[in-house]
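Undergrad: Numbered continuously in this note's numbering, the sequence shown closes out at residue 261.
There's no promise every hint is true.
[To be verified] Calculated lysine to any residue pairs in the SDA-like style (CA-CA distance at most 20 Å, straight line): (1) Lys-198 with Leu-232; (2) Lys-198 with Val-223; (3) Lys-165 with Cys-255; (4) Lys-165 with Arg-238; (5) Lys-198 with Gly-174; (6) Lys-165 with Asp-211; (7) Lys-176 with Asn-164; (8) Lys-176 with Arg-186; (9) Lys-184 with Gly-194; (10) Lys-176 with Asp-195; (11) Lys-198 with Tyr-172; (12) Lys-184 with Gly-174; (13) Lys-198 with Ala-239; (14) Lys-176 with Thr-201; (15) Lys-198 with Gln-221; (16) Lys-176 with Leu-232; (17) Lys-165 with Lys-176; (18) Lys-198 with Leu-243; (19) Lys-198 with Arg-248; (20) Lys-198 with Met-236; (21) Lys-176 with Tyr-244; (22) Lys-165 with Thr-200; (23) Lys-198 with Ser-250; (24) Lys-176 with Gly-160; (25) Lys-198 with Val-234; (26) Lys-165 with Arg-204; (27) Lys-198 with Gly-242; (28) Lys-184 with Thr-200; (29) Lys-184 with Tyr-161; (30) Lys-165 with Tyr-212; (31) Lys-176 with Asn-254; (32) Lys-165 with Phe-256; (33) Lys-176 with Met-236; (34) Lys-184 with Lys-198; (35) Lys-165 with Asn-190; (36) Lys-198 with Val-245.
[Unchecked claim] DEER-style ranges, computed between Cβ atoms: (37) Trp-189 with Tyr-161: 11 to 21 Å; (38) Thr-259 with Asp-195: 30 to 40 Å; (39) Tyr-172 with Val-229: 26 to 36 Å; (40) Trp-189 with Asp-228: 32 to 42 Å.
Quick caveat, the hints were computed from the structure, so don't treat them as lab data. Bear in mind that the values here come from a model prediction, so they are computed numbers and not experimental data. Where is the CB? At the ideal position from N, CA and C, for every residue including glycine.
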Amino acid sequence: LGYPANKISILSTYNGQKALIRDVIKQRCSWNPLFGDPGKITTVDRFQGQQNDYIIVSLVRTQNVGHLRDVRRLIVTMSRARLGLYVFGRFSLFENCFELTPV
């Protein structure tokens with residue numbers, strides 16, 4: 159049923175988010191044999207040079223884009239998935255970011 163947990167990685171841009179995601183996964187998913195722990199829960203910077211079949215990216219921010227304005231960091235973030243990339247964030251925060259507008 160579904161995809162093996164070790165084929166899924168969850169990336170965040172901040173350590174605080176990473177810790178929160180780990181806690182939620184531990185409380186709600188780890189004990190359940192249908193879900194289990196994902197292959198990796200880490201920050202974008204720590205995942206550099208690695209890949210997985212499915213990547214879930216948390217770009218959830220409340221006030222500003224922050225260090226995601228660095229296009230190199232964004233490229234690393236968006237190029238880690240082999241089969242599926244799922245990005246969670248607030249679109250209204252990113253739609254006015256000059257560095258992220260199409261050329």
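Undergrad: Evaluate each hint against the coordinates.
TA: Checked hints:
no.	hint	in the structure
1	Lys-198 with Leu-232	holds, 19 Å
2	Lys-198 with Val-223	violated, 24 Å
3	Lys-165 with Cys-255	violated, 32 Å
4	Lys-165 with Arg-238	holds, 12 Å
5	Lys-198 with Gly-174	holds, 16 Å
6	Lys-165 with Asp-211	holds, 5 Å
7	Lys-176 with Asn-164	holds, 17 Å
8	Lys-176 with Arg-186	holds, 15 Å
9	Lys-184 with Gly-194	holds, 9 Å
10	Lys-176 with Asp-195	holds, 14 Å
11	Lys-198 with Tyr-172	holds, 15 Å
12	Lys-184 with Gly-174	holds, 15 Å
13	Lys-198 with Ala-239	holds, 13 Å
14	Lys-176 with Thr-201	holds, 7 Å
15	Lys-198 with Gln-221	violated, 27 Å
16	Lys-176 with Leu-232	holds, 17 Å
17	Lys-165 with Lys-176	holds, 18 Å
18	Lys-198 with Leu-243	holds, 15 Å
19	Lys-198 with Arg-248	violated, 23 Å
20	Lys-198 with Met-236	holds, 16 Å
21	Lys-176 with Tyr-244	holds, 16 Å
22	Lys-165 with Thr-200	holds, 14 Å
23	Lys-198 with Ser-250	violated, 28 Å
24	Lys-176 with Gly-160	violated, 24 Å
25	Lys-198 with Val-234	holds, 16 Å
26	Lys-165 with Arg-204	holds, 17 Å
27	Lys-198 with Gly-242	holds, 15 Å
28	Lys-184 with Thr-200	holds, 14 Å
29	Lys-184 with Tyr-161	holds, 18 Å
30	Lys-165 with Tyr-212	holds, 6 Å
31	Lys-176 with Asn-254	violated, 26 Å
32	Lys-165 with Phe-256	violated, 34 Å
33	Lys-176 with Met-236	holds, 17 Å
34	Lys-184 with Lys-198	holds, 13 Å
35	Lys-165 with Asn-190	holds, 17 Å
36	Lys-198 with Val-245	holds, 16 Å
37	Trp-189 with Tyr-161: 11 to 21 Å	holds, 19 Å
38	Thr-259 with Asp-195: 30 to 40 Å	holds, 37 Å
39	Tyr-172 with Val-229: 26 to 36 Å	violated, 18 Å
40	Trp-189 with Asp-228: 32 to 42 Å	holds, 38 Å
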